[in-house]
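A.B. asks: Sequential numbering of the sequence shown, starting at 1, is according to the numbering used here.
To be clear, the hints were calculated from the coordinates, so they are not data collected in a lab. Being a predicted model, the structure only gives us computed values, none of them experimental. Treat the hints with care, since some could be wrong.
Claimed, not checked - No more than 27 Å apart at the CA atoms, straight line, and that leaves these computed lysine-lysine pairs for DSS-like:
{"hint": "1", "residue 1": "Lys-293", "residue 2": "Lys-136"}
{"hint": "2", "residue 1": "Lys-99", "residue 2": "Lys-352"}
{"hint": "3", "residue 1": "Lys-340", "residue 2": "Lys-102"}
{"hint": "4", "residue 1": "Lys-16", "residue 2": "Lys-109"}
{"hint": "5", "residue 1": "Lys-99", "residue 2": "Lys-110"}
{"hint": "6", "residue 1": "Lys-340", "residue 2": "Lys-352"}
{"hint": "7", "residue 1": "Lys-102", "residue 2": "Lys-352"}
{"hint": "8", "residue 1": "Lys-340", "residue 2": "Lys-99"}
{"hint": "9", "residue 1": "Lys-109", "residue 2": "Lys-99"}
{"hint": "10", "residue 1": "Lys-16", "residue 2": "Lys-4"}
Unchecked claim - Here are the in silico distance ranges between beta carbons for each label pair:
{"hint": "11", "residue 1": "Ala-124", "residue 2": "Gln-256", "range": "52 to 58 Å"}
{"hint": "12", "residue 1": "Met-106", "residue 2": "Val-368", "range": "32 to 38 Å"}
{"hint": "13", "residue 1": "Gly-351", "residue 2": "Ile-132", "range": "55 to 61 Å"}
{"hint": "14", "residue 1": "Asn-337", "residue 2": "Met-106", "range": "22 to 28 Å"}
{"hint": "15", "residue 1": "Met-222", "residue 2": "Val-298", "range": "30 to 36 Å"}
{"hint": "16", "residue 1": "Val-298", "residue 2": "Val-432", "range": "40 to 46 Å"}
{"hint": "17", "residue 1": "Leu-191", "residue 2": "Glu-135", "range": "31 to 37 Å"}
{"hint": "18", "residue 1": "Ala-227", "residue 2": "Leu-22", "range": "24 to 30 Å"}
{"hint": "19", "residue 1": "Ile-132", "residue 2": "Phe-319", "range": "27 to 33 Å"}
{"hint": "20", "residue 1": "Ile-223", "residue 2": "Ala-98", "range": "43 to 49 Å"}
Cβ coordinates follow ideal geometry from the N, Cα and C atoms, glycine included.
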Amino acid sequence: MLEKLANIFRVPDLRKRVLFTLGLLAVYRIGGHIPTPGINGDRLAQFFEQNRGTMLGFVDLFSGGNLRRLTIFALGIMPYITASIILQLLTVVYEPLAKLQKEGEMGRKKITQWTRYLTVILSAVQSFGIAISLEKAGDFVTYPGPRFILMTMLTLTTGSAFIMWLGEQITERGIGNGMSLLIFAGIVVGLPRGIIDLYEKAKTDAWGAFTFPAIIMLLILMIAVVAFIVFVERSERRIPVQYAKRVVGRKVMGGQSTHLPLRVNAGGVMPVIFASSILALPQMLAQPLRNNKVIGPVLEALRWGEPLYTLLYCVGIVFFAYFYISIVFNPNEVADNMRKWGGFIPGIRPGKRTSDFINDVLTRITLVGAAYLIIISLIPEWMIAGIKLNHLPLLGRFFENLPAWVTNGLGVNFYFGGTSLLIVVGVAMDTVTQIEAQLIMRHYDGFTPRSGRIRGRRTW
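My request is simple: use the sequences and hints to build the entire structure.
C.D. replies: Given below as structure tokens:
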């Protein structure tokens, strides 16, 4: 393994990309320690500690802990993700944007530019809501007033724009997906604190007689979740494809058999990130109105762990799983390319029949992938924060006598939840796959046993 890691630094281009990525991640972490002016950091950290098991703690997870300290990077990449979702949805329902997307590189650059503008607008709106909420909350602000609101908006919006730039630079000039790596870095950095909190809770016997069984069960669950994630992420449905023989000049081309690989979870962690971002947006924007008689109950019902939130979260994951695959994979285009090169699926007529067959297979395995994301995301979270069945309308009274560990969970933080594990494992696997592809392309061994050195043609 050490030899394979050393191969990374033997390839000049790959070494440059890896070091560039690590350098920008270091800049991201340094910025996470620069506080926003005028904030009582100790009081804010205490408030987040009290609300660790709520949506606020979940949003703080995506910001890498920057929100709890209200640093210049407190908004994280949430505004950029939300802006990307809005633009992608508009390309489906708004014809001019759909045409622009089909124009190739120029159209993609134009949509990216609009995404940046929308990110800045959303960042300004969210930072305004945060500033107003902090002022109304009490002693979080040292010197309240219009200057504080303006300074907070300027600081957080600039920080969000800089994070967006960091992510884009990592994607273009580094290795891996920049935005996903920023989330990954934020979660991984918080793991030591999560382990210490778990140890302190066990040390103080906060779980009573269930301390050690709970810890053992949690560790077993984490190992099982990681193993299950790796298994599903490596799973794919292979559609057999055969190519007919054809004569080109004096050579006979084709005639070989291959397959079309369709990943079970082609969207990776993106459906989870998209669904979480969309559900977190109302909480962020409507915080100043949480005492309103109409808005307040709605925000309460959309809190993390509530039945309505869980339902919308599941629907969001399924929707974005299908939405994402519809963007990155086009069955009609694949079928046309196969027909042009003389390829066909045994038993399926080339053309529209092939396209329909691929689409049917893709629909079924995407549903399986979405169900997998829901299971991985929710079951560990339920064990950690409980299942709020007693909050169900009309039926809640039938679940009032459930044990406290069922409705309230084990009380540990989100760093051990299914969503965080899914993001960490998924992003790590995608990044390793990209590094491995670079190594194999340059005739070095990869990390996995099946990715051996590419051998040249033998001469006799």
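A.B. asks: Just pull the numbers of the violated hints for me, sorted ascending.
C.D. replies: none
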